[in-house]
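> Sequence:
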Amino acid sequence: KPAEPAVEELRRLARLARENPDPVFRVSAEQVLLYTNPAGEKLGPEWGCSVGRRVSAALREIVSTAWGEGAVAEHTVVFGSRVYWLTVAPSVADGYVNIYARDITEHKKAKEALREAEQEFQAIFDHTSDGIFLLDLETRKFALGNQSCLRLLGYTEEEFVNLGIPDLHLPADLPFIYAEIAEFLNGR
1 KPAEPAVEEL
11 RRLARLAREN
21 PDPVFRVSAE
31 QVLLYTNPAG
41 EKLGPEWGCS
51 VGRRVSAALR
61 EIVSTAWGEG
71 AVAEHTVVFG
81 SRVYWLTVAP
91 SVADGYVNIY
101 ARDITEHKKA
111 KEALREAEQE
121 FQAIFDHTSD
131 GIFLLDLETR
141 KFALGNQSCL
151 RLLGYTEEEF
161 VNLGIPDLHL
171 PADLPFIYAE
181 IAEFLNGR
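So the sequence shown is numbered by my numbering: it starts at 1 and just counts up by one.
Hints in this document: simulated from the structure, not taken from any laboratory. Note that the Cβ used here is the ideal one computed from N, Cα and C, for glycine as well. No incorrect hints appear here.
The following label-pair restraints were derived from C-beta to C-beta distances: (1) 113 <-> 137: 19 to 29 Å; (2) 20 <-> 50: 11 to 21 Å; (3) 42 <-> 11: 16 to 26 Å; (4) 7 <-> 42: 22 to 32 Å.
In silico lysine-lysine, DSBU-like type, Cα no more than 30 Å apart, as pairs: (5) 108 <-> 42; (6) 42 <-> 111; (7) 109 <-> 42.
Just need the whole structure built from these sequences, with the hints factored in.
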């Protein structure tokens, strides 16, 4: 006989955690791992977790905090060489805490690389003897100028950012300058 719609819906919902590509854990109030999905099973040894046993000290602290606060909390933790973002959702009435993990290692590395690149750009921008400016291509106003640029043109930073291309060039030169900007925007 076919399964009732409610039973079938429960089966589909049960697959939700199992099919999740990110680790999912359910930990009891006694800090024992009750469930993990296949992605969590792969991390079990590294995280010091196996079903039926107490979770690692790091997770015990997180579970205790979530249990005490009774509210969803988020944490960043390092296990081995990987960084994880954890969403910890206690279900106090049911006696467990769900932990949803996401590996954010590559995101963190990319963020750090971007920060380093920005610092390098800023150092070059600030310390070069060449005048460098940034132009807002939509408004055609200057967004920023380094100290060499400001010194060369004789403006303060506050004055410079209120200027546009027509303020620094002869009217006869503007069509050529605007054509150059258009070519740049078109990738030529």
